[in-house]
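Colleague: Protein chains in written order, with the numbering used here: chain B, 1 to 141; chain U, 1 to 141.
Among the hints, a few may not be true.
The calculated label-pair distances, taken between Cβ atoms and stated as ranges, are [as the list claims (entries may be wrong)]: (1) U:Gly94 x B:Glu60: 22 to 30 angstroms; (2) U:Pro68 x B:Gly120: 32 to 40 angstroms; (3) B:Asp107 x U:Ala83: 43 to 51 angstroms; (4) U:Thr24 x B:Ile132: 44 to 52 angstroms; (5) U:Gly69 x B:Glu33: 25 to 33 angstroms.
Don't read these hints as lab results, they were simulated from the structure.
Ideal Cβ placement from N, Cα and C applies to all residues, glycine included.
There are 2 protein chains.
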Amino acid sequence: MDQRISFVTLPVADLPATRRFYLTGLGWEAHVEVPGEVLMIRTGQHLVLSLWDRAAFSREVGELQSGPGVPPLTLAHNVATPAEVDEVLATARGAGASVVQPGEHRDWGGYTGYFADPDGFRWEVAWNPGEIGRLVLPEEG
Amino acid sequence: MDQRISFVTLPVADLPATRRFYLTGLGWEAHVEVPGEVLMIRTGQHLVLSLWDRAAFSREVGELQSGPGVPPLTLAHNVATPAEVDEVLATARGAGASVVQPGEHRDWGGYTGYFADPDGFRWEVAWNPGEIGRLVLPEEG
Numbered sequence: 001m002d003q004r005i006s007f008v009t010l011p012v013a014d015l016p017a018t019r020r021f022y023l024t025g026l027g028w029e030a031h032v033e034v035p036g037e038v039l040m041i042r043t044g045q046h047l048v049l050s051l052w053d054r055a056a057f058s059r060e061v062g063e064l065q066s067g068p069g070v071p072p073l074t075l076a077h078n079v080a081t082p083a084e085v086d087e088v089l090a091t092a093r094g095a096g097a098s099v100v101q102p103g104e105h106r107d108w109g110g111y112t113g114y115f116a117d118p119d120g121f122r123w124e125v126a127w128n129p130g131e132i133g134r135l136v137l138p139e140e141g
Numbered sequence: 001m002d003q004r005i006s007f008v009t010l011p012v013a014d015l016p017a018t019r020r021f022y023l024t025g026l027g028w029e030a031h032v033e034v035p036g037e038v039l040m041i042r043t044g045q046h047l048v049l050s051l052w053d054r055a056a057f058s059r060e061v062g063e064l065q066s067g068p069g070v071p072p073l074t075l076a077h078n079v080a081t082p083a084e085v086d087e088v089l090a091t092a093r094g095a096g097a098s099v100v101q102p103g104e105h106r107d108w109g110g111y112t113g114y115f116a117d118p119d120g121f122r123w124e125v126a127w128n129p130g131e132i133g134r135l136v137l138p139e140e141g
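Isolated chain B (complex conformation):
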């Protein structure tokens, strides 16, 4: 089994709200869209974020964890400078993010903040000055 993630799939309660957040709010483009079922967004050269109706997700994968608290994952969007972290967090706030944790300098040397999408899924917006931080940035140009 190669070291590859092809899709990240998240169950969503209200697909129109998800659509408004990612497409209208953040300005992202759908690659595949089936109203009421699924919204797929290309988030890498060989990577797709799939936002799937929660009921359909549970029928195939299993009954979902529920209750209060943060969903057990974060997706990080890395950028090249601390200033861009603040800019992206402001964009997310403008798009209607339900929670925004402002950027903070972290012990490991980076600067990151978080926002939540309509289902509470946390995105970390990160500047990471280390080797792995450079590795995840797309090539220029």
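Chain U: place on chain B using the hints.
Modeller: Relative to the frame of chain B, chain U by itself:
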């Protein structure tokens, strides 16, 4: 905000068990490893899977959802043929996957199955004959 995911971070209860599953079991390689804290695995050209100690995750991100049920995400590993789906599911079983749902033909034309890692995080192993299925496969050679 560009359409990019740089890291997928999952909180894990028992990092040594996670290490045994992904590194010893699946044969993957760590890119960064801090024992007791985090294990980072490269899962794309500009993508990293970060398996982070659950207590540290909660301190930074917030108290986690808990209770029974499936965590609200899947990661998919796409392959080029249905036979490879079965092969990867067998590899996961051999690595000690806690749950394996055998491959099934899906209404949308693909063939997929699931396995669970030590924290119950579901990986979908998928053959997708459509356009988006080809898009997520790495180039040959």
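Colleague: All the hints need checking, so say for each whether the structure fits it.
Modeller: Status of the hints after comparison with the structure:
Taking 22 to 30 angstroms as the suggested C-beta distance range, the pair U:Gly94 and B:Glu60 conforms, at roughly 24 angstroms. A hinted range of 32 to 40 angstroms is violated for the C-beta pair U:Pro68 and B:Gly120, which are about 19 angstroms apart. Under the hint 43 to 51 angstroms, the C-beta atoms of B:Asp107 and U:Ala83, about 47 angstroms apart, fit the expected range. A hinted range of 44 to 52 angstroms is violated for the C-beta pair U:Thr24 and B:Ile132, which are about 22 angstroms apart.
Remark: the range hint 25 to 33 angstroms for U:Gly69 to B:Glu33 is upheld by a beta-carbon distance near 27 angstroms.
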